[in-house]
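Below, each chain spelled out in residue letters.
Protein chains: 2
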Amino acid sequence: MYKDIKVIAFDADDTLWVNETYFRDAENEFAALLNDYETENKIHQELFKKEIDNLELYGYGVKGFTLSMIECALELSNYQIPQKTLDRILNIGKEMLEKPIELLDGVEEVLQQLQGKYKLIVATKGDLLDQQRKLEKSGISKYFHHVEVMSEKKPIDYKKMLQRLDINPADLLMIGNSLKSDVLPLIEVGASAIHIPFHTTWAHETVSKEQKSTTDYKTLSNIKEVIDLLK
Amino acid sequence: MYKDIKVIAFDADDTLWVNETYFRDAENEFAALLNDYETENKIHQELFKKEIDNLELYGYGVKGFTLSMIECALELSNYQIPQKTLDRILNIGKEMLEKPIELLDGVEEVLQQLQGKYKLIVATKGDLLDQQRKLEKSGISKYFHHVEVMSEKKPIDYKKMLQRLDINPADLLMIGNSLKSDVLPLIEVGASAIHIPFHTTWAHETVSKEQKSTTDYKTLSNIKEVIDLLK
Numbered sequence: 107m108y109k110d111i112k113v114i115a116f117d118a119d120d121t122l123w124v125n126e127t128y129f130r131d132a133e134n135e136f137a138a139l140l141n142d143y144e145t146e147n148k149i150h151q152e153l154f155k156k157e158i159d160n161l162e163l164y165g166y167g168v169k170g171f172t173l174s175m176i177e178c179a180l181e182l183s184n185y186q187i188p189q190k191t192l193d194r195i196l197n198i199g200k201e202m203l204e205k206p207i208e209l210l211d212g213v214e215e216v217l218q219q220l221q222g223k224y225k226l227i228v229a230t231k232g233d234l235l236d237q238q239r240k241l242e243k244s245g246i247s248k249y250f251h252h253v254e255v256m257s258e259k260k261p262i263d264y265k266k267m268l269q270r271l272d273i274n275p276a277d278l279l280m281i282g283n284s285l286k287s288d289v290l291p292l293i294e295v296g297a298s299a300i301h302i303p304f305h306t307t308w309a310h311e312t313v314s315k316e317q318k319s320t321t322d323y324k325t326l327s328n329i330k331e332v333i334d335l336l337k
Numbered sequence: 107m108y109k110d111i112k113v114i115a116f117d118a119d120d121t122l123w124v125n126e127t128y129f130r131d132a133e134n135e136f137a138a139l140l141n142d143y144e145t146e147n148k149i150h151q152e153l154f155k156k157e158i159d160n161l162e163l164y165g166y167g168v169k170g171f172t173l174s175m176i177e178c179a180l181e182l183s184n185y186q187i188p189q190k191t192l193d194r195i196l197n198i199g200k201e202m203l204e205k206p207i208e209l210l211d212g213v214e215e216v217l218q219q220l221q222g223k224y225k226l227i228v229a230t231k232g233d234l235l236d237q238q239r240k241l242e243k244s245g246i247s248k249y250f251h252h253v254e255v256m257s258e259k260k261p262i263d264y265k266k267m268l269q270r271l272d273i274n275p276a277d278l279l280m281i282g283n284s285l286k287s288d289v290l291p292l293i294e295v296g297a298s299a300i301h302i303p304f305h306t307t308w309a310h311e312t313v314s315k316e317q318k319s320t321t322d323y324k325t326l327s328n329i330k331e332v333i334d335l336l337k
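Order-wise, the sequence lines are chains G and H. With the first letter of the first sequence counted as 1, position 46 gets the number 152 in the numbering used here; the numbers rise by one all the way through. With the first letter of the second sequence counted as 1, position 44 gets the number 150 in the numbering used here; the numbers rise by one all the way through.
Bear in mind the hints are in silico, worked out from the structure with no lab data behind them. Even for Gly, the Cβ is constructed at its ideal location relative to N, Cα and C. Please note that the accuracy of each hint is not assured.
[What the hints assert, rightly or not] What follows is a set of in silico ranges between Cβ atoms, one per label pair, in the way DEER data are often shown:
1. H:Tyr185 x G:Ala138: 18 to 24 angstroms
2. H:Lys243 x G:Glu201: 33 to 39 angstroms
3. H:Asn274 x G:Arg130: 43 to 49 angstroms
4. G:Arg270 x H:Leu209: 21 to 27 angstroms
5. G:Asp142 x H:Asp272: 57 to 63 angstroms
6. G:Glu144 x H:Gln219: 54 to 60 angstroms
7. H:Gln218 x G:Thr325: 47 to 53 angstroms
[Unchecked claim] One side only, chain H facing chain G, incomplete, derived with CB under 7 angstroms:
8. Glu177
9. Leu180
10. Leu235
This is chain G alone, in the form it adopts within the complex:
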């Protein structure tokens, strides 16, 4: 099935290393900080709504998330939130940017085995500086021929990347945790994709059952299974 593959692209957050967990932790602390004003469930809902409302303007990443937390805290508290709490929210964002990188199980082993046999690239969505910094801190940047930080992961964005890097879609296999961003758009542009779900998915990245019902991609539970599939 994968005999023509020459290039393997990896999503980064929650595919190579832990990321979503830090957002979940931040959201939980945010909800606890605001629990004088609303139920935690309502706070989670409102923060998510605020993030989506701001997504076109801010894009993905910790800085936009932090700005959305501040805006949400001001509004949910009817502008009563203590200034010291806003300072804590600023620091939640800073701490997220400074988190150490925790590679997922099997990642380095898989990269070691694939290097030399395939051209390996990273295709990640998010903040340019933050994603570059995470890759540097991860210690695995040496395995990659190219790192593409994308502001969106729609089919058109992958098409542009393939053109620019002069890669034939049929030669590309993408591996990632998000069906919406790392799998379905690749199938659409004629590339292959493997889905490796992470234990938690941001609501914005979930897809409906109808969208999922395709046999065009494989789903694995650990990245190490990629090696056998490629044999």
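Use these hints to put chain H onto chain G, whose structure you have.
For chain H alone, coordinates are given in the frame of chain G:
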């Protein structure tokens, strides 16, 4: 002098379109909002210091600038700043992201004359989404073969870009308003550069007289003069 040039790279902010003016306006409004707590001069100084302190973590761009304004407002007011003022600061940032693009005098005319004769690229520092959006809004993206959004503009960053785009340094001419970011690092990697100062320069982008004393680059007052220089 420029007869071997095959590729022309343009900085974007304050070279192709107005940018720094919007930061100056934002800083002035910020200082006015905080004038119960400090002199405007002190507020400007402290905001600049905060931006520099946060630069490694946040990088360049409006989102990091907005977070720095909020942090600075909390600290300068000893956490007394009204919540509604913080909301206004959030909106200063949003308004900056939504500003229309104002092309600088002669830009489109120059691009029209150079297209086809040279490979034209944009090499800009800043936020990925914001810079891509500005280029789309500008109406001039059609002239460019490639857009490089860089998290830094040091010699090593230009070297990596040249390698990746397979450009020989001697074939490249860079045009930009910042001596520090668009001119001196290019000279260092063996490319050519033209300096076109904008009427205002962010303090972080200024260079000392010693660094300036080089005859290795030309300084122009309007981008239209590039056409004659290249003849």
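Please check whether Asp142 of chain G and Asp272 of chain H have a Cβ separation lying inside 57 to 63 angstroms.
Distance hint for Asp142 of chain G, Asp272 of chain H holds at roughly 58 angstroms.
Once the shortest beta carbon distance from Leu180 of chain H to chain G is found, is it less than 7 angstroms?
5 angstroms, holds
Lying within 18 to 24 angstroms: is that true of the beta-carbon distance Tyr185 of chain H to Ala138 of chain G?
Taking Cβ atoms as reference, Tyr185 of chain H and Ala138 of chain G lie about 20 angstroms apart, which means the hint holds.
Agreement of hint Leu235 of chain H with chain G interface, Cβ distance less than 7 angstroms:
4 angstroms, holds
54 to 60 angstroms was suggested as the range; check whether the CB atoms of Glu144 of chain G and Gln219 of chain H agree with it.
Holds - the Cβ-Cβ distance for Glu144 of chain G and Gln219 of chain H, about 59 angstroms, lies within 54 to 60 angstroms.
Take a look at whether the Cβ-Cβ distance between Arg270 of chain G and Leu209 of chain H falls inside 21 to 27 angstroms.
25 angstroms, holds
With 33 to 39 angstroms as the target window, see if Lys243 of chain H and Glu201 of chain G comply at their CB atoms.
34 angstroms, holds
State, for the Cβ atoms of Asn274 of chain H and Arg130 of chain G, whether the hinted interval 43 to 49 angstroms holds or is violated.
Hint holds: Cβ distance 48 angstroms, inside 43 to 49 angstroms.
Grab the minimum C-beta distance from Glu177 of chain H to chain G and call the hint holds if it beats 7 angstroms, violated otherwise.
6 angstroms, holds
Against the range 47 to 53 angstroms, how does the distance between the Cβ atoms of Gln218 of chain H and Thr325 of chain G compare: consistent or not?
51 angstroms, holds
Every hint from the earlier list agrees with this structure, and none is contradicted.
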